[in-house]
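Novice: What follows is the residue order along each chain.
Number of protein chains: 2
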Amino acid sequence: MSLTVVGSLAFDAVETPFGKRDRMLGGAATHFALAASFFDQVHVVGPVGDDFGDEEMAILSTRGTNTGDVERVEGGKTFFWAGRYSANLNERETLDTQLNVFETFQPKLSQESRDADVLFLANIVPDLQYDVLEQCTNPRFVAMDSMNLWIDIARESLEKVIARVDCLILNDEELEQLTDAPNVVSAAKQVLDMGPSIVVAKQGKYGAALFTREDHFWIPAFPLGTVVDPTGAGDTFAGGFVGYVACHGYEGINSDMLRRAMAYGTALASYNVEEFGTERVARLDASEISPRVAELRSITQFEDRPITLRG
Amino acid sequence: MSLTVVGSLAFDAVETPFGKRDRMLGGAATHFALAASFFDQVHVVGPVGDDFGDEEMAILSTRGTNTGDVERVEGGKTFFWAGRYSANLNERETLDTQLNVFETFQPKLSQESRDADVLFLANIVPDLQYDVLEQCTNPRFVAMDSMNLWIDIARESLEKVIARVDCLILNDEELEQLTDAPNVVSAAKQVLDMGPSIVVAKQGKYGAALFTREDHFWIPAFPLGTVVDPTGAGDTFAGGFVGYVACHGYEGINSDMLRRAMAYGTALASYNVEEFGTERVARLDASEISPRVAELRSITQFEDRPITLRG
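Chains R and C are the protein sequences, given in the same order. Using our numbering, the letters of the first sequence map in sequence onto residues 115 to 425. Using our numbering, the letters of the second sequence map in sequence onto residues 115 to 425.
Hints are computed from structural coordinates only; laboratory data are not their basis. Be aware that one or more of the hints could be misleading.
As the list claims (entries may be wrong) - Residues from chain C that face chain R, not an exhaustive set, calculated with beta carbons under 7 Å: (1) Met171; (2) Gly339; (3) Leu423; (4) Gly425.
Unchecked claim - Once the Cα atoms are required to be at most 30 Å apart in a straight line, the calculated BS3-like pairs of lysine-lysine come out as: (5) C:Lys222 <-> C:Lys303; (6) R:Lys222 <-> R:Lys191; (7) C:Lys303 <-> C:Lys274; (8) R:Lys303 <-> R:Lys274; (9) R:Lys303 <-> C:Lys134; (10) C:Lys303 <-> R:Lys134.
The C-beta atom is built at its ideal place from N, Cα and C for all residues, glycine as well.
Using the sequences and the accompanying hints, generate a full structural model.
Specialist: Below, the structure written as structure tokens:
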């Protein structure tokens with residue numbers, strides 16, 4: 115089995131209350147691949163410039179991730195994003211966005227990437243997401259991310275993509291914006307009528323929720339005393355979630371498996387935010403993941419017990 | 115066993131995207147008592163004006179709640195609050211606050227209220243909370259709420275009260291403000307050093323978290339497709355939580371029991387927000403509560419399963 119991700123490879127400049135980085139490896143496809151590669155062979159598709167060096171490529175290739183479809187644009191510069199987080203990390207301000215090589219990006223997937231069993235369309239222009247869907251032969255499971263910008267300026271294209279995927283992974287507020295629903299429960303219900311059979315609502319520091327037509331499931335973020343940099347947490351979560359689904363191809367997609375996928379995504383994301391950018395996950399050992407899944411289980415379980423209430 | 119709550123009885127004017135009420139029964143002690151009375155005999159202590167009628171008193175007395183310590187101030191008017199919620203109910207704007215009889219309120223507890231096994235200090239001036247503590251003989255369990263205003267203008271008095279209670283129930287952002295911590299996990303840890311052995315962080319529509327020195331526990335809000343009015347949700351949660359603790363006196367306070375208390379508080383709060391003010395909980399039947407507790411359990415549980423990760 116294998117998993118293809120199409121999305122951004124980037125350099126980020128980030129400032130948080132815990133410090134700053136002027137130029138660190140980032141991008142949705144990068145964070146996704148680092149997490150998903152714990153579960154499956156990953157193929158990364160995305161453009162970089164001349165400034166994307168061997169060091170960055172080495173991190174991207176962690177655990178055998180295939181970078182053959184990373185397109186190096188001669189004379190181009192890698193996508194760049196700069197942002198600053200508020201004191202409690204709840205809000206972030208974008209200081210600079212330079213699309214660079216992304217401006218003219220047209221995904222060209224190798225046969226290997228097209229044949230992948232599972233596909234993740236990270237947050238890029240919806241028309242490009244659609245184009246990738248058209249190139250792929252017959253993926254068993256397709257998940258996608260998006261953002262408020264595309265809901266604002268490319269809603270029609272976005273809805274065309276959403277109609278064709280199995281799973282939409284989006285921030286809760288974006289789900290509400292997409293559906294004009296007043297809360298995430300009714301928003302998710304509406305998205306399930308748009309095509310996907312699975313909706314994952316990312317709730318930032320509060321965790322994530324999973325919705326299917328038969329089930330829903332809520333998991334908190336892994337509790338940390340110190341969060342250094344939330345950049346890439348959502349993509350790392352997606353990498354853990356989709357990666358877990360990808361490596362369970364033969365057992366089929368069911369509620370129990372999806373719930374565990376939510377837990378693995380949550381565990382991975384918690385490591386991502388412990389340090390800047392990819393710093394922590396790049397050196398994460400596989401043995402560190404399941405203890406956090408077990409901890410997530412222990413902090414959410416309770417046993418009910420019959421009780422006589424006053425009438 | 116019995117449970118005393120000291121706090122506001124109020125009339126609220128509320129506007130939400132689902133409608134408005136110009137004058138409805140409200141107040142922390144009211145919402146708390148309606149929920150807690152499912153679990154234990156409640157004594158309410160708080161002031162009202164001449165405008166607080168038989169109808170309001172009847173709702174307050176639901177399930178035998180003792181209103182003997184509701185102090186009627188001759189010629190006075192009941193506390194009044196007016197507010198408007200944003201489209202997604204995330205934010206609320208206070209349009210008017212009239213302290214009225216609350217301005218000169220000095221809690222005077224009857225012997226019965228003083229002797230209560232469990233005490234809840236709803237959100238009032240910290241010095242009055244302290245005064246109530248002094249009046250009580252020897253409660254087995256004391257919980258309290260507060261708000262950002264008192265952290266701003268009466269921090270010293272507030273910390274004096276916090277040092278003497280078993281359990282602080284506060285919004286997550288207020289916990290962060292109180293401790294100057296960047297997140298709720300480190301904030302709760304700091305509060306556990308200030309005296310309380312239990313900290314409950316209310317996270318609004320995202321649920322609540324429980325912290326003790328040995329344990330922590332996270333529970334989502336009960337998922338609802340329609341939330342009509344969040345007013346009083348926190349106090350209803352507190353009523354369910356503290357009420358559950360109160361009726362389990364003999365089994366002692368332990369993690370399993372506290373986790374169930376969180377679930378009952380969450381279930382009660384979910385009914386509160388389904389309609390305006392006390393409208394839904396006032397006619398809630400005891401038999402409706404445990405199904406929501408069971409549902410909360412089912413939407414948060416997952417089984418881990420060994421998996422071989424790629425190294």
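Novice: Take the C-alpha atoms of C:Lys303 and R:Lys134, compute the straight-line distance between them, and say whether it is at most 30 Å.
Specialist: OK: C:Lys303 and R:Lys134 at ~26 Å, within 30 Å.
Novice: Run the distance test for R:Lys222 versus R:Lys191: straight-line Cα separation, threshold 30 Å.
Specialist: holds (19 Å)
Novice: Holds or violated: the hint that C:Leu423 contacts chain R, with Cβ atoms closer than 7 Å.
Specialist: holds (4 Å)
Novice: For the pair we were handed, C:Lys222 and C:Lys303, check the Cα-Cα distance against 30 Å.
Specialist: This hinted pair is violated, its Cα atoms lying about 34 Å apart.
Novice: For R:Lys303 and R:Lys274, compute the direct alpha-carbon distance and say whether it is at most 30 Å.
Specialist: holds (18 Å)
Novice: Should the hint that C:Gly425 touches chain R count as held when the rule is a Cβ pair under 7 Å?
Specialist: This interface hint holds because 5 Å falls under the 7 Å limit.
Novice: Can the hint on C:Met171 be confirmed by a CB-to-CB distance to chain R that is less than 7 Å?
Specialist: With Cβ-Cβ at 19 Å, over 7 Å, it is violated.
Novice: Can we keep the C:Gly339 interface hint, with Cβ of chain R closer than 7 Å?
Specialist: holds (5 Å)
Novice: Are the Cα atoms of C:Lys303 and C:Lys274 separated by 30 Å or less?
Specialist: holds (18 Å)
Novice: Given the hint that R:Lys303 pairs with C:Lys134, does the C-alpha gap stay at or below 30 Å?
Specialist: Since the Cα atoms of R:Lys303 and C:Lys134 sit roughly 26 Å apart, the hinted pair holds (cutoff 30 Å).
Hints 1 and 5, counting from the list given before, are not met by this structure.
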